[in-house]
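Engineer: Below are the chains, spelled out letter by letter.
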Amino acid sequence: MCPDSPPPQATDHPPADREVLSAGDISRALRRIAHEVVERNKGAGNVVLLGIPSRGVELARRLGDLIAEIEGSEVPVGSLDVTMYRDDLRGRPTKTPHQTHFPSAGVDDRVVVLVDDVLYSGRTVRAALDALADYGRPRSVRLAVLVDRGHRELPIRADHVGKNLPTSHSERVTVRLTGHDDVEDSVTISRGER
Amino acid sequence: MTKHLLSVADLDDDALRSVLSTATEMHDVQHRAVKKIPTLRGRTVINLFFEDSTRTRSSFEIAGKWMSADTINITGKGSSASKGESLRDTVRTIAAMGVDAIVMRHQASGAAHQVAGWFDESGVATSVLNAGDGTHEHPTQALLDAYTLERRLGTLEGKRIAIVGDVTHSRVFRSNVLALPRLGAHVTVVAPPTLMPSGVASWAATDGFALADDLDEVIDSGVDALMMLRVQRERMAGGFFPTPREYTVGYGLTRDRLTALTARNPEAVICHPGPMNRGLEIAADAADAASSLVLDQVSAGVAVRMSVLYHLLASDGSVEGSAA
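Chains A and B, in that order, are what the protein sequence lines are.
FYI, the numbering for the first sequence is 1 to 194, going by this note's numbering.
FYI, the numbering for the second sequence is 1 to 324, going by this note's numbering.
Don't read these hints as lab results, they were simulated from the structure.
There may be inaccurate statements among the hints.
As the list claims (entries may be wrong) - Not the full set, but computed from the structure, chain A residues with beta-carbon under 10 Å of chain B:
no., residue
1, Ala23
2, Asp130
3, Asp134
4, Tyr135
5, Ser140
All C-beta atoms in this analysis are idealised placements derived from N, C-alpha and C, irrespective of residue type, glycine included.
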C-alpha cells in the first residue's frame, strides 16, 4: 500500500469483484482437465461430455474441442438441463428450463463426464444424476468443474477441478465466459450470497 | 404467474413465453424410455369434469402422472353433484382434502372464475385450472394451438391465421384471440353472421384481430394456418344455419377449399381442436391431409399441460427467465 493512501474504512458498499482466474488461467485449467479426462479414460473413445446449463454447456464444448485436439477425433458433446429434477423448486421463482440435447449415440454404456462451472452444495449434480438415470445407463459418470468452492450439502465430489476456491457462504463466485456472456473469460469473487 | 389459470389473460408476456418455452422441454419427455420426471412429486391434482371430454381430461391426467403428481379423475355424473350437491360444496369438499390443484371443466361460462373466487375469499390454497368453461375460455387449448403452430411454422410473428366456424359458441376461439395476436400473428376470424358473437367488432379492435364472412376470399388472400372450429350443435338452441349442407358449402373445409389453400400456399397447415365433425366443418381429406396438425395438437396438449402444471404448482408462482 502507498504510504500516503488513506487507511481502509468501513463502508456499506461491498468491495468490487476480485478476479481469481483470468482468461489465461481458465484456458490452462481446461487444457489440464482435458488431459486428465483422456488419461483417466485411456483415450476418449467412449466419452460423452454433457454440460449443465448454462455455462457448463460452453465449458463442455470447449473441453470437447481440446480433447479432439489431443486425441485427433471428435468427442460427442451435449447438454443436460436439471431444472425439473431440482429439490429446491418450492419457494423460488419458476425457472424456464434450458434445452437438453443428447448426442445421437446416447449415453448407454458410455463414460459420461458432467461439466459445470461452479460446484457448491452439490444439489445440481444430484439432480443431474437423477436426470441421467431417466435417459439411460452410462457405464460410469464423472464430474468436471471449473471451480470447486466447497460447502457441500451432499456426499458428492468432483473428479476434475480447475481450481479449488475456499469461500465463505457470504461470498459470490461469478464465472463469465466468452461465447456465453460476451465478455472476456474470468472468475471473480465478491461479497454477497450466491 | 398467478395462482390460478382461468384465462389466457392471466398470463403476462413473460409467463406466456415461458409456458411455451417450457413445453418444448416437456415434449421431449414423451420420447424418452422413462416417461417420468419427479418435478411434482407429492402434489395432488383433481380433474373435475362436469362435461364429457376425451383428449383434455386424459391429457391433463397423463401430464400430471408424467410429472409424478397424484392425479384423480372425477366426472359430474359420478360425483355427489348428481345427488344434488352444489358446485360450491363439491369443490370445497375436494379442496378440504388438501389437493394442490383442481382442473375443472364445466358447462357454465365463468364457473372456474367462481370457484377460484370462493377459494380466494376463504383462503383455500388450491389452484384452479380452467379446462373449458361453457362458451367462455379454454386457455390450455389456445396455448397448445400456439405451441403447435410455432413448432411447425417456426414463429408466429407475421403469420396469417384464420379461425373459422362456430365462433359464437367457441371457447377455443375466445382463448386463441387472446394468445395468437400477442405472439405476433395476424388473426382473421371467419364465420357466418349468425355465428358471430354480438359486440365482436369492438372486441376485435381491442385485441387486434380482423373479421370476415367469406372463407374463399380469406383463403385466396393467403393464409399460413386455418384453424377450423367444431360446430357445437349441442349448444345451439335455435337455428343458426338452415342445413348442415349449407354450412359446409359456406364455411366447411371441403376438398375444393383444401386444394385452393395448398395451391395458394403449399406450406399452409390445418388445425382443429377436436372432436371433429367430419363432413360438416372439415372434410375427411382435409382432416387426414399431410398439412393437418390435428394429432400434433393432441401430442402438444400433454407437453403444454405439463408446462402449465409446472408453472402453477412447482414453485411460488413468479417466473425467472434462466435456470442457471
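Engineer: Under the criterion of a CB-CB separation shorter than 10 Å, is Ala23(A) in contact with chain B as hinted?
Structural biologist: violated, 20 Å
Engineer: With a cut-off of 10 Å, does the beta carbon of Asp134(A) approach a beta carbon of chain B closely enough for the hint to hold?
Structural biologist: holds, 4 Å
Engineer: Please check whether Ser140(A) passes as an interface residue: C-beta within 10 Å of a C-beta belonging to chain B.
Structural biologist: violated, 20 Å
Engineer: Taking the least C-beta to C-beta distance, is Tyr135(A) closer than 10 Å to chain B?
Structural biologist: holds, 7 Å
Engineer: Does Asp130(A) pass the interface hint, meaning its C-beta sits closer than 10 Å to a C-beta of chain B?
Structural biologist: Check passed: Cβ of Asp130(A) comes within 7 Å of chain B, closer than 10 Å.
In the structure shown, a violation is registered for the earlier hints numbered 1, 5, in ascending order.
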